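Number of protein chains: 2
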Amino acid sequence: MSSEEDAYFSSNPPPRSLPEHTTLASSFINTHALANRRVVLITSGGTTVPLEKQTVRFIDNFSAGTRGATSAEYFLQAGYAVIFLHRQFSLLPYSRHFSHSKDCFLDFLSEGPDGNVGWREGHDSAKVRDVLRRYRRAKEAEMLLMIPFVTIGDYLHELRAISRLMRPLGRKGLLYLAAAVSDFFVPPERMAEHKIQSTDAVKGFAGDAQKQGSEDEEFDNFDASPRVPRSKRLVIDLDPVPKFLKNLVDGWAPQGMIVSYKLETDPRILVHKARYSLDRYQHHLVIGNLLSTRKWEVVFVSPGREDNWLRVPPPASMRKGGETGWGDAEGRPLRAEELPREDPATEIEELIIPAVAELHDVHIGR
Amino acid sequence: MSSEEDAYFSSNPPPRSLPEHTTLASSFINTHALANRRVVLITSGGTTVPLEKQTVRFIDNFSAGTRGATSAEYFLQAGYAVIFLHRQFSLLPYSRHFSHSKDCFLDFLSEGPDGNVGWREGHDSAKVRDVLRRYRRAKEAEMLLMIPFVTIGDYLHELRAISRLMRPLGRKGLLYLAAAVSDFFVPPERMAEHKIQSTDAVKGFAGDAQKQGSEDEEFDNFDASPRVPRSKRLVIDLDPVPKFLKNLVDGWAPQGMIVSYKLETDPRILVHKARYSLDRYQHHLVIGNLLSTRKWEVVFVSPGREDNWLRVPPPASMRKGGETGWGDAEGRPLRAEELPREDPATEIEELIIPAVAELHDVHIGR
Numbered sequence: 001m002s003s004e005e006d007a008y009f010s011s012n013p014p015p016r017s018l019p020e021h022t023t024l025a026s027s028f029i030n031t032h033a034l035a036n037r038r039v040v041l042i043t044s045g046g047t048t049v050p051l052e053k054q055t056v057r058f059i060d061n062f063s064a065g066t067r068g069a070t071s072a073e074y075f076l077q078a079g080y081a082v083i084f085l086h087r088q089f090s091l092l093p094y095s096r097h098f099s100h101s102k103d104c105f106l107d108f109l110s111e112g113p114d115g116n117v118g119w120r121e122g123h124d125s126a127k128v129r130d131v132l133r134r135y136r137r138a139k140e141a142e143m144l145l146m147i148p149f150v151t152i153g154d155y156l157h158e159l160r161a162i163s164r165l166m167r168p169l170g171r172k173g174l175l176y177l178a179a180a181v182s183d184f185f186v187p188p189e190r191m192a193e194h195k196i197q198s199t200d201a202v203k204g205f206a207g208d209a210q211k212q213g214s215e216d217e218e219f220d221n222f223d224a225s226p227r228v229p230r231s232k233r234l235v236i237d238l239d240p241v242p243k244f245l246k247n248l249v250d251g252w253a254p255q256g257m258i259v260s261y262k263l264e265t266d267p268r269i270l271v272h273k274a275r276y277s278l279d280r281y282q283h284h285l286v287i288g289n290l291l292s293t294r295k296w297e298v299v300f301v302s303p304g305r306e307d308n309w310l311r312v313p314p315p316a317s318m319r320k321g322g323e324t325g326w327g328d329a330e331g332r333p334l335r336a337e338e339l340p341r342e343d344p345a346t347e348i349e350e351l352i353i354p355a356v357a358e359l360h361d362v363h364i365g366r
Numbered sequence: 001m002s003s004e005e006d007a008y009f010s011s012n013p014p015p016r017s018l019p020e021h022t023t024l025a026s027s028f029i030n031t032h033a034l035a036n037r038r039v040v041l042i043t044s045g046g047t048t049v050p051l052e053k054q055t056v057r058f059i060d061n062f063s064a065g066t067r068g069a070t071s072a073e074y075f076l077q078a079g080y081a082v083i084f085l086h087r088q089f090s091l092l093p094y095s096r097h098f099s100h101s102k103d104c105f106l107d108f109l110s111e112g113p114d115g116n117v118g119w120r121e122g123h124d125s126a127k128v129r130d131v132l133r134r135y136r137r138a139k140e141a142e143m144l145l146m147i148p149f150v151t152i153g154d155y156l157h158e159l160r161a162i163s164r165l166m167r168p169l170g171r172k173g174l175l176y177l178a179a180a181v182s183d184f185f186v187p188p189e190r191m192a193e194h195k196i197q198s199t200d201a202v203k204g205f206a207g208d209a210q211k212q213g214s215e216d217e218e219f220d221n222f223d224a225s226p227r228v229p230r231s232k233r234l235v236i237d238l239d240p241v242p243k244f245l246k247n248l249v250d251g252w253a254p255q256g257m258i259v260s261y262k263l264e265t266d267p268r269i270l271v272h273k274a275r276y277s278l279d280r281y282q283h284h285l286v287i288g289n290l291l292s293t294r295k296w297e298v299v300f301v302s303p304g305r306e307d308n309w310l311r312v313p314p315p316a317s318m319r320k321g322g323e324t325g326w327g328d329a330e331g332r333p334l335r336a337e338e339l340p341r342e343d344p345a346t347e348i349e350e351l352i353i354p355a356v357a358e359l360h361d362v363h364i365g366r
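Respectively, the protein sequence lines represent chains A and B.
Taken in order, the first sequence gives residues 1 to 366; the numbers are from full-length UniProt numbering.
Taken in order, the second sequence gives residues 1 to 366; the numbers are from full-length UniProt numbering.
Worth double-checking, as some hints may not be accurate.
One copy or two, either will do: identical chains are not told apart, so a pair holds if it fits within one copy or between any two.
EDC-like mimics (lysine to aspartate or glutamate), calculated; alpha carbons at most 20 Å apart, straight line [unchecked claim]:
#1 LYS127 x ASP107
#2 LYS295 x GLU330
#3 LYS295 x GLU338
#4 LYS53 x ASP266
#5 LYS246 x GLU5
#6 LYS295 x GLU337
#7 LYS139 x GLU111
#8 LYS295 x GLU342
#9 LYS127 x ASP114
#10 LYS127 x GLU350
#11 LYS139 x GLU121
These are computed hints drawn from the structure, not numbers from a lab.
Please read all numbers here as calculations on a predicted model, not as lab measurements.
Please model the complete structure; the sequences and the hints are all you need to start from.
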């Protein structure tokens with residue numbers, strides 16, 4: 001362990017549940033290692049960056065956890081045991097089909113004449129039965145372990161601890177990093193004890209927070225002047241988050257296969273950034289995707305191979321006269337505005353996971 | 001409408017669903033106004049402040065929505081019709097009893113011998129039946145309308161539109177503002193189009209975001225030096241959010257009763273800040289609470305009245321020798337460290353809502 005890594009982990013306290021989580025993970029991993037089974041650690045959802053010790057405000061990453069939760073189901077289908085390290089209250093495998101719907105979950109339930117509460121007729125009752133069966137099967141076979149995190153600090157501690165526990169799996173371990181992880185954090189020694197008051201923002205947040213007066217109502221106006229005076233800036237001193245990918249590759253999980261995601265919004269830089277990340281960390285696969293088209297296509301970038309675009313079948317609206325291909329959109333990135341607003345009929349993870357598993361075969365066999 | 005208010009609302013676009021929401025709210029309010037019923041608009045959950053147009057990152061306020069969702073149930077119990085303006089995926093009335101549990105919601109379900117999916121035996125089946133009955137009653141009597149928001153901009157547009165629609169209710173309208181609303185926002189003209197790259201952060205986020213190079217890996221280190229060089233600051237130019245309370249009082253809902261919450265972490269400034277807010281906005285009630293004790297006590301601060309502390313019954317651990325009062329803690333703020341980690345047996349909203357309704361009686365009668 002490098003001293004810098006040491007410094008990070010000793011100055012940022014672990015989450016309270018870490019010992020409980022490592023006990024669970026250790027027993028889970030050992031069981032499956034003995035059974036000679038493949039184990040994937042999936043990270044999912046966004047990390048928070050607390051701005052105060054008693055946290056009222058934080059910086060967050062947009063992520064419902066769809067990619068991670070969906071991938072988990074397909075990994076289970078492919079025979080993997082799954083550790084699902086996820087942001088608390090983000091989407092979970094199986095329950096995702098119902099949990100973040102526009103309806104309240106009570107709308108799915110009704111009281112029968114016998115007073116028993118059951119699934120409401122007609123509300124996808126065949127679907128819930130199927131999902132429930134698959135969920136129970138995974139749980140009863142002890143193939144699925146769910147571990148929550150909230151902050152960037154929690155995430156890094158959990159990732160380090162669990163990936164180290166995966167060493168006995170050797171090449172059969174897979175790290176599939178789908179979480180949206182912050183690049184920055186506020187070190188504890190610079191974190192304000194109490195809720196940051198608006199006046200503090202005027203004079204700079206870090207360090208000064210306790211010295212300010214306590215009226216937070218200074219900005220009581222609808223001042224719409226286009227240039228905001230410098231004095232109204234909220235200045236947040238953030239430190240860069242340690243580049244844990246490097247540590248994963250070099251020390252925490254040196255034999256396992258490591259897959260990371262790269263989410264961008266600008267199509268012009270996506271592949272370049274994915275390749276750059278791969279060159280830098282020397283891991284095994286970067287899956288690139290764009291925020292606006294991420295359910296339709298992704299690109300696999302891996303060492304010594306051509307970029308490989310995976311794409312779900314085209315929607316009816318883009319097929320012309322019985323054509324089954326993507327027509328004009330063949331061979332170039334999709335554009336958000338040519339896609340229907342509904343989700344595609346095929347979940348792209350149905351294509352991604354078998355393709356990852358194939359590369360994992362190669363990794364194990366080499 | 002002041003021109004400053006006008007400037008804010010014309011430069012920050014309304015949420016796409018606003019027309020649909022106002023149609024629903026208008027019909028809901030008119031029905032209850034005709035029935036001479038009281039209507040409360042409850043705001044609940046935290047607002048987000050997007051940092052990018054294609055939002056990957058945002059600043060958020062900590063709020064599960066417990067206060068708002070719980071209050072909604074007690075307002076319904078008190079005979080109010082409830083408009084529940086809430087952060088998407090935050091806690092909802094009734095479903096809150098089950099939705100943010102540590103268990104996956106599929107753990108509550110099981111498949112019967114007939115293949116029907118029902119509530120699992122022993123998993124609070126009496127409780128779910130009771131909750132479901134109360135939910136259905138509220139929905140069937142059309143006493144509950146749920147409207148979601150995400151960003152601070154959505155929130156302000158929805159609040160303005162719905163509170164204006166409440167005018168026909170006169171003094172029978174109640175605004176109960178329990179949402180955790182950001183003090184700051186990033187105006188659209190200064191928002192980066194794409195995901196902010198880490199190098200942009202070096203040189204300051206606002207405005208320059210598109211001009212930077214595209215490698216985001218500049219901070220690849222575990223640099224734990226205690227002083228971060230100035231060049232590694234993330235500087236976010238934020239504008240103060242318009243003080244909408246002033247507008248609510250003066251123009252949007254001039255006759256209704258307006259209740260706001262003040263959440264602090266520092267007990268020394270709580271009452272002072274609540275009183276200050278009341279003096280400034282001239283509304284009717286500020287309910288003060290501390291992050292660490294908010295389920296145990298709150299303070300009512302209202303014009304021309306003494307501060308009024310409401311407190312749930314003490315936990316067994318704080319009663320000494322058969323005493324039923326708070327003992328040593330009587331007459332001073334509670335301290336987090338003397339309270340048990342479990343939630344209190346009584347929901348404090350069971351005390352808050354009747355007390356608010358009583359003040360609303362006075363407001364209507366005057």
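Checking LYS127 and GLU350: alpha-carbon separation at most 20 Å within a copy, between copies, both or neither?
Result: close within a single copy only, 18 Å intra versus 38 Å inter.
20 Å Cα cut-off: does LYS246 pair with GLU5 within a copy, between copies, both or neither?
within (11 Å within a copy, 50 Å between copies)
Please sort LYS139 with GLU121 into within, between, both or neither, judging by C-alpha distance up to 20 Å.
between (26 Å within a copy, 18 Å between copies)
For LYS127 and ASP107, with the copy left unspecified, which applies at a CA distance of at most 20 Å: within, between, both, or neither?
Both. Shortest intra-copy (15 Å) and inter-copy (16 Å) distances satisfy the 20 Å Cα cut-off.
LYS295 and GLU337: within-copy, between-copy, both or neither at 20 Å Cα
Answer is within: at 14 Å inside a copy they meet the 20 Å cutoff, but 47 Å across does not.
Could you place LYS127 and ASP114 in one of the four classes (within, between, both, neither) given a Cα distance threshold of 20 Å?
between (24 Å within a copy, 16 Å between copies)
If the cut is 20 Å between Cα atoms, do LYS53 and ASP266 qualify within a copy, between copies, both or neither?
between (35 Å within a copy, 12 Å between copies)
Is it within, between, both, or neither for LYS295 and GLU338, if the alpha carbons may be no more than 20 Å apart?
within (14 Å within a copy, 50 Å between copies)
Between the shortest in-copy and the shortest cross-copy C-alpha distance, which are at most 20 Å for LYS295 and GLU330: within, between, both, or neither?
within (17 Å within a copy, 57 Å between copies)
Between the shortest in-copy and the shortest cross-copy C-alpha distance, which are at most 20 Å for LYS295 and GLU342: within, between, both, or neither?
Classified as within: same-chain Cα gap 10 Å, cross-chain 41 Å, threshold 20 Å.
First find the shortest C-alpha distance between LYS139 and GLU111 inside one copy, then the shortest across copies, and answer within, between, both or neither for a cut-off of 20 Å.
For LYS139 and GLU111, the Cα distance is within 20 Å only across copies (15 Å; inside one copy 27 Å).
Figure legend: structure checked against the earlier numbered hints; every hint is met.
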